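**Student:** The lines below spell out each chain.
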Amino acid sequence: MELNPIITVNDLHFSYPKRNVLEGIDFSLNRGEVVSLLGPNGCGKSTLIRLILKLIRPKKGEIWLENKTLYRYSHREIAKHIAYIPQYHNVPFNYSVLEMVMMGRVSKSSFFATPSANDRASAFASLERIGIADLADRAFGQLSGGQKQMVLLARALTQEVNTFIMDEPVSGLDYGNQIRLLKLIADLAAQGYTFLKTTHYPDHALMVSSRVVVMNNGKIIADGKPHEVITSPMIREVYGINADLITYNANTWCIPTFSKGVL
Amino acid sequence: MINIKNIGIVGGSLTLLLLVTIVSLLWGQYPIDFNTFMGYIEFKCFGGVGNDTYTLLDNIILQIRLPRVLLAILIGAALAVSGAAFQAMFVNPLVSPGILGVLAGASFGAALGMLISEQWYIVQILAFVFGFVAVGVAVLIGGMVTNSRSTVMLVLGGVISSSLFTALLSVIKYVADPYSTLPAIVYWLMGSLTMADLHSVLLVSIPILFSIFGMIALSKYFDLLSLGDEEAKALGVNVPMVRFAAIILATLASSLSVVMAGMIGWVGLIIPHIIRMAVGPAHRLLIPLSAIVGAIFLLLADSVSRLALSVEIPIGILTSLIGIPVFIIVLKNARAAWN
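So the sequence lines, in the order shown, correspond to chains A and B.
According to my numbering, the first sequence is numbered sequentially starting from 3.
According to my numbering, the second sequence is numbered sequentially starting from 48.
Hints are supplied without guarantee of correctness; some may be wrong.
[To be verified] Chain A regions said to be covered by chain B (calculated; three or more residues, Cβ under 8 angstroms):
id, segment
1, 53-59
2, 70-78
3, 92-98
4, 112-118
[Unchecked claim] From chain A, some residues computed to sit far from chain B (all C-beta separations above 10 angstroms):
id, residue
5, GLU25
6, TYR86
7, GLU170
8, ASP189
9, TRP255
Note that these hints are calculated values from the structure, not bench results.
All values reported here derive from a predicted model rather than from experimental measurement.
Think of the CB as a built atom: it goes at the ideal place given N, C-alpha and C, for glycine as much as any other residue.
Okay, chain A solo, but in the shape it has when bound:
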C-alpha cells in the first residue's frame, strides 16, 4: 500500500526549561491509519500531540501537514484538516450539547457570521451518527463522562475533516463507555477516518489500531503493527511490569502477571 502521509514529523525536539521532553522524534501519520501512541506518564505523548496542533513550538525539527510546513497554517486552516478531541472536561458556562457541538463549526464560517441553519443541521447529523441525538438539548455540564466524550467526538465530526487526534479518549470513563468509545473509533475508522490517539492501555491499542507507536523518555522506541510492537519485553521496558501476551479468538490480549512479580 502506498503511504499517503497527512502529518510528517522530522527530528523533533522539545524541552521545558529544566527538562527535555522530546529528543528527536520521527513520525508520520498516513491516511486511513489508526495509530495508538503508547507510553508511560511523562514520556512526551501529549507534548507530541500539542506540537502537531501548533499549540506549542518545537525547539528543533519540522512538522509537515499535507505538503506544507505546519507553520504556514493558521489555527483556522489546521482546524480544516485536523479535529482535536480532548479529554472530557468541565466547561465553566452551562452550554447545551447542541451549542457545544456547533462550536466545531467555527472554522467553517466567516469571521462575523452567526451560526447558520446549515451548521445546526450538521451538528444534529453528527449527534445522530454517534447515536446521542436525544442529548441535544441537555446541559453539557450535567452529562456523564462517557456522554461528554461522545459529544466532543460529535463536535469533531461537525468539523468535516478526515483526521482526528484524541488525547487519552477513554480516561475517566467507566468500562462500558471505554469499550463503546473504542467501538465508535473502530466504526469511524472503517468509514475512512484517520486517527491518532494516545492511550495508557496496551489492550486498547491491540483492539483498535492499525499501527502502534511506543514512546519512552522522549523517544520513539517502537513503531509497527500492534501485535509486533506490544510484547512482554516492551511492556517490561516501558512500564516496568511483567505481562503476558495471550491470543484468544484471533485477538491478542495483554495480561499482567502478578505471579512473576511486578518488578
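Keeping the supplied structure of chain A fixed, place chain B upon it in accordance with the hints.
**Tutor:** Only chain B this time, still in chain A's reference frame:
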C-alpha cells in the same frame, strides 16, 4: 442562525428599553404627561404651531433629560457588555470592570487628566490608558502565583490593582485644589449623570458604541474561549487576537463610562449573571442582551436617584446599594449556571 426565539427576546427587551426611555423623559421634578409629550414629538417631527409649553419642553427634554437618558443608556450598556466580555475572556464568573480594577484605574487616569490638563480628550485618553494598565496589573498579580487559570487569584489581583489605583487617586485628591478641583473629582467619582450635555454625550457615544458592537461581533468566539485556550485554538480560533481585541474594547467602554459619569459599580457584574440565568450562556445572545438590560437597569436606577429623595442620590452609590443584595441572590443561583 435566524432564531425566532432569540429575535423575540432581543426585540422584546428593545421595546422595554424604549418604554423605559420614554418614561424617563417624562418623569422628573416637572412631570410631563404623555399627551403633551406626543404633541411635542409630533411638533418636532412634522412642525406646526409652536407654543410656550413646547419651548419649555425643548429646555427640559432636549437640554436636560435627553442627554442624561442617552448617557444612562450608553453607560449601562457599556458596563454590562464589558462585564460579560471580561467574564468570558478570563473564564471567571467573579470579574467585572469594577473588580478587575478598570474603574479604579480609569478614575485615577481621569483625575490625573483633570489635574494636569483642561483638555477633555487628555482626560479620556488617560482614563483608558490607566484602565488598561489596571487590568494588566490584575492579570499579572493573578498569574504570578499560579500559571493556571485561577478564579480567586485573578479576583485577588483585581482587588490589589483596585487598591493601588485608589491609593494613587487619593494622592491626586490630596494635591488637588481643595476649593475647585477636589470637589469636582469627589462628586464626579460618586457617580453622576448630571454633567451630561448633548454634545459631549453624542461625542462619547461613538467610541462606546464602537466597543459595544465590536464585542457583539466577537461574541461567538467568547463561547470557544471559555473552553480553554488550547481547545479554542484547535477549533480554529485566533485566541490572542480575539482576547486582546475583547479586553481593549471592554476596557475602552468601561473607562469612558468612568470619564462620563464616575465610578458606577456592580452593573458589569450582576447584569451578565442575570442574563445568563435567564437565557443561558451562549454569548451571541448574552452580549447584546446584556447591553439592552444594562441600559434599562441604569435608566431605572437613574430615575430612582433623581426622584426617590428631595436631593439626588449619586448613581454610583445607588447601583452599589441595589447591586450588592442582587448579587448575593444571584451568586446562589450563579453557582448552578456556572456548574
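**Student:** Each hint needs a verdict: does it hold in this structure or not?
**Tutor:** We went through each hint and held it up to the structure:
1. Counting residues of the segment 53-59 of chain A whose C-beta sits closer than 8 angstroms to any C-beta of chain B gives 3, which meets the bar of three, so the coverage hint holds.
2. Interface restraint, the segment 70-78 of chain A with chain B: holds (3 residues with C-beta to C-beta distance below 8 angstroms; minimum three).
3. With a threshold of 8 angstroms between beta carbons, the proposed coverage of the segment 92-98 of chain A by chain B holds, since 7 of its residues qualify and at least three are required.
4. Counting residues of the segment 112-118 of chain A whose beta carbon lies closer than 8 angstroms to any beta carbon of chain B gives 4, which meets the minimum of three for the stated coverage.
5. Once the 10 angstroms rule is applied to beta carbons, GLU25 of chain A is consistent with being away from chain B; the minimum gap is 23 angstroms.
6. Listed as a non-interface residue, TYR86 of chain A fails to keep its Cβ farther than 10 angstroms from every Cβ of chain B; the least gap is roughly 4 angstroms.
7. Taking the minimum C-beta to C-beta distance to chain B, about 15 angstroms, the non-interface status of GLU170 of chain A holds against the 10 angstroms cut.
8. With a least beta-carbon separation of about 23 angstroms from chain B, ASP189 of chain A lies farther than 10 angstroms from that chain, consistent with its non-interface assignment.
9. Taking the minimum C-beta to C-beta distance to chain B, about 33 angstroms, the non-interface status of TRP255 of chain A holds against the 10 angstroms cut.
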